[in-house]
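Engineer: Using the sequences and the hints given, assemble the complete structure.
Protein chains: 2
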Amino acid sequence: MSQSDTVKRILDAAEELFAEHGFAETSLRTITTKADVNLAAVNYHFGSKKALIQAVFGRFLTPFTKLIESGLDNRELQKPDQPLTVEEILQFVSRAIAGVSEGDRKRLAIFMRLAGLAYTQGQGHLRKYLQSEYRGIFRRLMSLITKATPDLNPVERFWRFHFMLGATAFTMSSMESLQAIVEHDFETQSTEEEIVAMLLPFLAAGIRAQ
Amino acid sequence: MSQSDTVKRILDAAEELFAEHGFAETSLRTITTKADVNLAAVNYHFGSKKALIQAVFGRFLTPFTKLIESGLDNRELQKPDQPLTVEEILQFVSRAIAGVSEGDRKRLAIFMRLAGLAYTQGQGHLRKYLQSEYRGIFRRLMSLITKATPDLNPVERFWRFHFMLGATAFTMSSMESLQAIVEHDFETQSTEEEIVAMLLPFLAAGIRAQ
DNA sequence: TTTTGTGTTAAACGTATGTTTGAAACAGTT
DNA sequence: AACTGTTTCAAACATACGTTTAACACAAAA
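Which chain is which? The protein sequence lines are A and B, in order.
Residue numbering for the first sequence follows our numbering, beginning at 251 and increasing consecutively.
Residue numbering for the second sequence follows our numbering, beginning at 251 and increasing consecutively.
No lab work stands behind these hints: they were computed from the structure.
Among the hints, erroneous ones may be present.
You can't tell identical chains apart in this list, so a pair holds if it fits in one copy or across any two.
Said to hold, decoys possible - Below, in silico cross-link-like pairs of lysine-lysine (DSBU-like), each with a Cα-Cα straight-line distance of 30 Å or less:
| # | residue 1 | residue 2 |
| --- | --- | --- |
| 1 | K397 | K258 |
| 2 | K284 | K300 |
| 3 | K378 | K284 |
| 4 | K300 | K258 |
| 5 | K299 | K258 |
| 6 | K299 | K284 |
| 7 | K299 | K397 |
| 8 | K329 | K299 |
| 9 | K316 | K329 |
| 10 | K397 | K300 |
| 11 | K300 | K329 |
| 12 | K299 | K316 |
| 13 | K284 | K397 |
| 14 | K329 | K378 |
| 15 | K284 | K329 |
| 16 | K329 | K258 |
| 17 | K284 | K258 |
Please read all numbers here as calculations on a predicted model, not as lab measurements.
Structural biologist: Take a look at the structure:
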């Protein structure tokens, strides 16, 4: 058999390098060197650098959203009439995070940093790709949060949702360096679970402010 | 006389283009074309593109931090013994933001996006430059927040402070695209001032959760 | 008027990038 | 062994970039 693992090696290298340096600053030569494959392999297997960026996202995001969806499906089957609280919704997401990051924690930080970059560096193709590919889960979460916060006006809810997103993405992406600071300044360790446990009440309180 | 305004024209163009497309994605040719000056003018007046980026930041960063500091100084002179609340602290920051962009609505959006980009794109020279420029005001704000949240244990306060930072940085850096979504989905406009007005209570509620 | 210094300009330089190419290597099938 | 489709490889290609250069413009000083 000896099936080629070139594609996987490229994705692994690209994922890490994109997260570290951004998209524009990471060249295909750097990626292929790190992956130890030929330069032309990216264009052969993915077609273009843009397509590679999208593939990096797809590999992480698809199983992640599936985990959230199946959790929500389960809950809706068991208690169909009882609407979810904000805390419950957030817990499904955090459980999905824990599920995906199980095995290698590094990938979670990498992906969150990528997600942040996608918003700031995504010149169009990436934003469009994410929007078209993951519209479903986004709308579902948004509608659940709407039911959980009936008194909020829609525009304010939209913004608060993104405030939550920002706090989460930023924290996850800079988790490693922040943990180092905590260890140095407070002589304590903050595990990933503890950080998430601190983050959730912060988010829940924020979205229900006033 | 006929004093050259080339430097100002370059800074204006660069500021706007950086905010719109990011640093790496904005070429000197685009900047000098928009500024209607010769390509070589940037290297002549600033030395390099990196130096131009720092100059763009310096032009608004210096008055910005001065505004915060003087606001805090004033308040401490008038009510020296009464500690500030979290809301008050955040309001000094947001007032400084508004003050820097006074008269020019567009400038606020540019400023916010640049501030956000500094967090996500500031890899080497920019981060170092900002750190040396920002350290004083950062420490001062941190110490004020400590006094405003005496019941919080230090580690949790550290994390919540960075949750706030994350929500802010993310929102600022992706403000433009989020505003477009709001306009499309809700047929309303969210001005930068309104967004900040929504962000502050979210942050204050979050840091005081439970 | 000549000189000097500052700023501008068009052109070129060197380098790095994403992409394409055509030959070679390989694996599986007949 | 011969054939076939897929994958790899070194090399080249075209383009865009930041930077440098040397000639030029022009105002102020000598």
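Engineer: Please go over all the hints and tell whether each is borne out by the structure.
Structural biologist: How the hints compare with the structure:
1. K397 <-> K258: Neither: 41 Å inside a copy, 51 Å across copies.
2. K284 <-> K300: both (19 Å within a copy, 27 Å between copies)
3. K378 <-> K284: Intra 29 Å, inter 27 Å, cutoff 30 Å: intra and inter.
4. K300 <-> K258: Classified as within; 17 Å inside a copy, 35 Å across copies.
5. K299 <-> K258: Answer is within; shortest intra-copy Cα gap is 15 Å, inter-copy 36 Å.
6. K299 <-> K284: For K299 and K284, the Cα distance is within 30 Å both inside one copy (16 Å) and across copies (28 Å).
7. K299 <-> K397: neither (40 Å within a copy, 49 Å between copies)
8. K329 <-> K299: neither (45 Å within a copy, 58 Å between copies)
9. K316 <-> K329: Within one copy, since 20 Å is at most 30 Å while 55 Å is not.
10. K397 <-> K300: neither (37 Å within a copy, 48 Å between copies)
11. K300 <-> K329: neither (43 Å within a copy, 56 Å between copies)
12. K299 <-> K316: within (26 Å within a copy, 43 Å between copies)
13. K284 <-> K397: neither (47 Å within a copy, 48 Å between copies)
14. K329 <-> K378: neither (35 Å within a copy, 52 Å between copies)
15. K284 <-> K329: For K284 and K329, the Cα distance exceeds 30 Å both inside one copy (48 Å) and across copies (59 Å).
16. K329 <-> K258: Classified as neither: same-chain Cα gap 40 Å, cross-chain 62 Å, threshold 30 Å.
17. K284 <-> K258: Close inside one copy (12 Å), not across copies (42 Å); limit 30 Å.
When held up to the earlier numbered hints, the structure conflicts with 1, 7, 8, 10, 11, 13, 14, 15, 16 and fits the remainder.
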